[in-house]
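Chain by chain, the residues:
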Amino acid sequence: MIQLPYERPFIQKLNTGSMNKFGTKTEFAPVTHLESVAVSKIIEEYGSPCFVISERQIRKNYQNAVRAFKTRYPKIQYAWSYKTNYLSAVCNVFHQEGSWAEVVSIFEYNKAIQNGVDGSKIIFNGPDKSENDLALAVKNKSMIHIDHFDELYMLVALLEGTDQKAKVAIRVNMDTGIYPMWDRFGFNYENGQAWNAIIKILAHKELELVGLHCHIGTFMLSTSAYATAAYKLCDLAINIKSKYGLAIQYLDLGGGFASSNTLKGSYLQGADIIPSVDDYAEAITSTVLNSSFNKDELPTIILESGRVLIDDAAWLIGTVVATKRLSDGRRATIMDFGVNLLFNAFWYDYKISPAQEFTHHTEDMVIYGPLCMNIDCIRENINLPLLNKGDQVVVHKVGAYNMTQWMQFIQMRPKIVLIDMNGKTHILRENESLETMIELERMPDHLKNINSKV
Amino acid sequence: MQINKNIAISESGFIFNPSNGDSFSTNQVGLEIIRLLKDDKGKSEIVSELVNKFQTDSATLEKDLGDFFLMLRNFQLLNE
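In order, the protein sequence lines correspond to chains W and D. To convert, take the position in the first sequence, counting from 1, and add 5; that gives the numbering used here. To convert, take the position in the second sequence, counting from 1, and add 478; that gives the numbering used here.
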């Protein structure tokens, strides 16, 4: 007798009610291949779970973002936000495309230098720069974005009596009509603090004020906030020109453009509500072009976009560890990846697809990770086919912040693999091992033997 | 353990419980289990029948049957 394919028994209560006028979006179409590479082959070769990055998608995203701005404004420069994903190979794809580096710590700064970025093409942001960090940045002619007066005075003291000059900008925080207002970074525009900082910089010949910077938030769904931010930076720049005769070389609008992920609690899918890069570009460039800059003194617009350029260029592939039934009847599926690898699962409802064919039956379930910790929940509610132990899944759009904010907690971190422009796979980062973990540990002599007591 | 004898089952896996008006959908394996329950088959008989019919093993079936019975109970389709 020919045996039939087995699918675990499933029963679902049918509920009647009003139809959803938006229709239901099916998210469970199988994704068996990432670009041209089979998910099962990647797992076989590199293990599960595994992050997979698409070089093609990174380049496409970058070129699209550059096009969106350059077709509207003549002087555009992107600086890759290292904190979003500082894998050297990822950074180098952006650098090959022409991106500068935007860093927020000396660790990231040194990584950019190690990647071959010229010091004069590094923007040094962040609230924590030591005297040594600043000295290095001055020596390399990097752009130092001053975050607070303590940093400003430290820089002045550092350069006093030397013939060195620092290229500086200030980070400006401002009310752009969005909540929360990120006023913990930089100098405030509305209360005059930013102008005060500008005057102090202009009073010191060791400091060359080259730019003005802001970064108004993250995952910004409003383009008008960028228009407001650009207007306020323009206002400062034009006042500097009219009062001190100094033409500001660049306006750095920071990052914060949304990716097409879906935020938790969002009624509509992310892809349906986020502005495009063109929308952001239109808001920013039209504001700057409508300001009263002299035609030959238009500042360069610098963008530090991270999330929008990398989120959809990476996937996390993994395997079902177990399925179980919760006390309230809900199905729970345990994966071999959790919040240890997907830090952004705390605010995103990640799209998850099965990596093999199923029947049309689906069920609502909770997706948990492998950690023995209650917080380890990837999706509180998702409709997927009848997954079984060993089935493989693909989590989409995981490129931003996960590979930098991931935690070595309970489980070790897996490999990261790149699919290059020719469909060839490369390891970008090896998986951790026990040896990796204990490499930095030190054992006092009297604790080496667990059978001896002091 | 007995399934409510008065429930109606269609070939496509649609189930109707006339005692409370609830309706359900099930898959092929679920449909098979419900039919066997209606024929008063016990758990071990169901396992051996399904092992012969489907590409699976008894350990998987034991586990999945436990879960399926739990759902039948939750949906008030079982008399015990």
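No lab work stands behind these hints, which were simulated from the structure alone. Please note that the accuracy of each hint is not assured.
Straight-line distance between alpha carbons at most 30 angstroms, and here's what the computed DSS-like set of lysine-lysine pairs gives [unchecked claim]:
#1 Lys516(D) - Lys18(W)
#2 Lys516(D) - Lys329(W)
#3 Lys300(W) - Lys483(D)
#4 Lys483(D) - Lys18(W)
#5 Lys329(W) - Lys531(D)
#6 Lys18(W) - Lys521(D)
#7 Lys394(W) - Lys483(D)
#8 Lys88(W) - Lys329(W)
Chain D is nowhere near these chain W residues, computed Cβ spacing over 10 angstroms in every case [unchecked claim]:
#9 Pro10
#10 Glu12
#11 Thr364
Since the model is a prediction, treat every value here as computed from it, not as a measurement. The beta-carbon is built from N, C-alpha and C at its ideal position, and this holds for glycine as well.
Can you name, in rising order, the numbers of the hints this structure does not satisfy? As far as the earlier hints go, 3, 7, 8, 9, 10 and 11 are violated by this structure, in ascending order.
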